[in-house]
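Engineer: Each chain, written out:
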Amino acid sequence: MPLDIARLREDFPTLAREVRPGVPLVYLDSAATTQKPLPVLQAMDDFYRRSNANIHRGVHTLAEEATAMYEQAREKVARFVNAPSVEQIIFTRNATESINLAAYTWARANLKKGDLIILTEMEHHSNLVPWHMLSAERGVDLEFVPVTDDGLLDLDVYRSLLTRTVRLVAFTGMSNVLGTINPVGEMTRLAHAAGAVVLVDGAQSVPHLPVDAQALDVDFLAFSAHKMLGPTGIGALYGKKSLLEAMPPFLGGGDMIKTVHLRNFVPNDLPHKFEAGTPAIAEAVGFGAAVDYLEAIGMEAVAAHEREIITYALERLEEIPGVKVFGPAADEKGGVASFTLEGVHPHDVAQIVDTYGVAVRAGHHCAQPLHEKFGIPATTRASFYIYSMKEEVDKLVAGIYQVKKIFG
Amino acid sequence: MEDLYREIIIDHYKNPQYRGHLDPSDIHFEDDNPLCGDHIEITLRVDGDGKVTDGRFDGNGCAISQSSADLLIESVIGKSIEAVKQLTKQDVLDLLGIELGPVRLKCALLPLKVLKAGVYGLSEANDDLIA
Chain A
2 MPLDIARLRE
12 DFPTLAREVR
22 PGVPLVYLDS
32 AATTQKPLPV
42 LQAMDDFYRR
52 SNANIHRGVH
62 TLAEEATAMY
72 EQAREKVARF
82 VNAPSVEQII
92 FTRNATESIN
102 LAAYTWARAN
112 LKKGDLIILT
122 EMEHHSNLVP
132 WHMLSAERGV
142 DLEFVPVTDD
152 GLLDLDVYRS
162 LLTRTVRLVA
172 FTGMSNVLGT
182 INPVGEMTRL
192 AHAAGAVVLV
202 DGAQSVPHLP
212 VDAQALDVDF
222 LAFSAHKMLG
232 PTGIGALYGK
242 KSLLEAMPPF
252 LGGGDMIKTV
262 HLRNFVPNDL
272 PHKFEAGTPA
282 IAEAVGFGAA
292 VDYLEAIGME
302 AVAAHEREII
312 TYALERLEEI
322 PGVKVFGPAA
332 DEKGGVASFT
342 LEGVHPHDVA
352 QIVDTYGVAV
362 RAGHHCAQPL
372 HEKFGIPATT
382 RASFYIYSMK
392 EEVDKLVAGI
402 YQVKKIFG
Chain B
4 MEDLYREIII
14 DHYKNPQYRG
24 HLDPSDIHFE
34 DDNPLCGDHI
44 EITLRVDGDG
54 KVTDGRFDGN
64 GCAISQSSAD
74 LLIESVIGKS
84 IEAVKQLTKQ
94 DVLDLLGIEL
104 GPVRLKCALL
114 PLKVLKAGVY
124 GLSEANDDLI
134 A
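For the record, the sequence lines run as chains A and B. For what it's worth, my numbering labels the leading residue of the first sequence as 2, then goes sequentially. For what it's worth, my numbering labels the leading residue of the second sequence as 4, then goes sequentially.
Hints were generated in silico from the structure; no laboratory data involved. Please read these numbers as outputs of a predicted model, since none were measured by experiment. Do not take every clue at face value.
[To be verified] Taking lysine to aspartate or glutamate and the DMTMM-like style, the derived pairs with C-alpha atoms no more than 20 Å apart in a straight line are:
{"no.": "1", "chain 1": "A", "residue 1": "Lys-406", "chain 2": "B", "residue 2": "Glu-10"}
{"no.": "2", "chain 1": "A", "residue 1": "Lys-405", "chain 2": "B", "residue 2": "Asp-14"}
{"no.": "3", "chain 1": "A", "residue 1": "Lys-113", "chain 2": "A", "residue 2": "Glu-88"}
{"no.": "4", "chain 1": "A", "residue 1": "Lys-406", "chain 2": "B", "residue 2": "Asp-14"}
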């Protein structure tokens, strides 16, 4: 059954606002962060109004309630990505911190000079820079799976890179610029056959597609709550239990320890070993509510709606003379359309369509190497989610025609 | 907001009078705005009295940064180097005739930053130049 978008939009207060008097918001920047539905706002508000306390140590009623709410959120997130057990979900600040956690613990404990990591040319800076830093520190080698002209990963090159001794393959489940949905299951199978560990940056794929960590058999999966209707300040790292158990701790402090003496400590069990200090408790509760909201809709329905919107958006954008959309055809991508308009810089496009209430992003979207690959400094990006409507695509298109008129 | 794209800005963006490169030149400097990838390169010729006799800019970026560069070069030809050193953010905004938010201000001021780093003979541009 198709989503009742008009009904669903009533859950999102921001979507009802005007950016200026008489100019309603057309929010097409969900790949940067999504808007938040009332149940998420309500869950966080209720937590602070009723149950606010620190977790895991207190024995009083509020502390027990807060601990239960925090751990329930972990259960919800674990179920959402089909983790085999709850303690395989580590709460972090965001997908970036999740990737850094793996880089600072697993990678530094397991990789040495000359070891090879395979990345791809379409990675977000969050899945490049942690490995640059490791490479500079340890002399680890980095290789990159190229992106083809139509925005797909070149799997032939990937296969040939895997004939070398590879320790880690780290890649995005879905490009935040091209929208490309990568074949995570197949790439993981090939990596495992070559003896490599697999880390998937799920910042875009987990919010927009059904993602089953067990079925995909990935070793690590990083994602952020704020890109899937939840609050900022919280994300998760899923990891295989044997890997997480063998990894040294990340940040040191309270809660990540079993016992502490003056000169040493014993780390706590999973998942607490990786969660030092008071975490983002209210945000975890909001994350849980966001997952409930998405599950009630169903991720198949989310993906189907976005497919419909992106198919329409590509049709409309490509009919505008001078517009070039980057990335694969609609059936191989999620709800992201990055484009250039001949003769006009992306910042000017974004600024002018903002006059009409249309929020799009301009720049390199934290994927500078990918833009270099295509020989462009920047693109304008429209990105969609469950609340996006075809009428909003029409407003973007009308805005682009205004840009063309101004730049004549 | 459409004021931002006044005819003068679009005109200098589409038909710049001073786009190019002087070779030889007495002053040469270039810099980027890493946030948007705007790039500006400026070359000047200066006579024995310290007066700017000719200037060109090159680069790529948004309409604001490119038109700002064209207007700025136009305004400094005939000026003394000492006068160029005294140019401020407000001078650029007066040339453009618009008000800008903090993000686009960086675009508008990149040419001034490049110009002043060049006339001061700095090895690196810094934001004090456009304070």
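Engineer: It remains to establish, for every hint, whether it holds in the given structure.
Structural biologist: Against the structure, the hints come out as follows:
1. Lys-406/A x Glu-10/B: holds, 12 Å
2. Lys-405/A x Asp-14/B: holds, 14 Å
3. Lys-113/A x Glu-88/A: Given pair Lys-113/A, Glu-88/A is violated - Cα atoms ~28 Å apart, limit 20 Å.
4. Lys-406/A x Asp-14/B: holds, 13 Å
Against the hints set out earlier in the document, a violation occurs for number 3 only.
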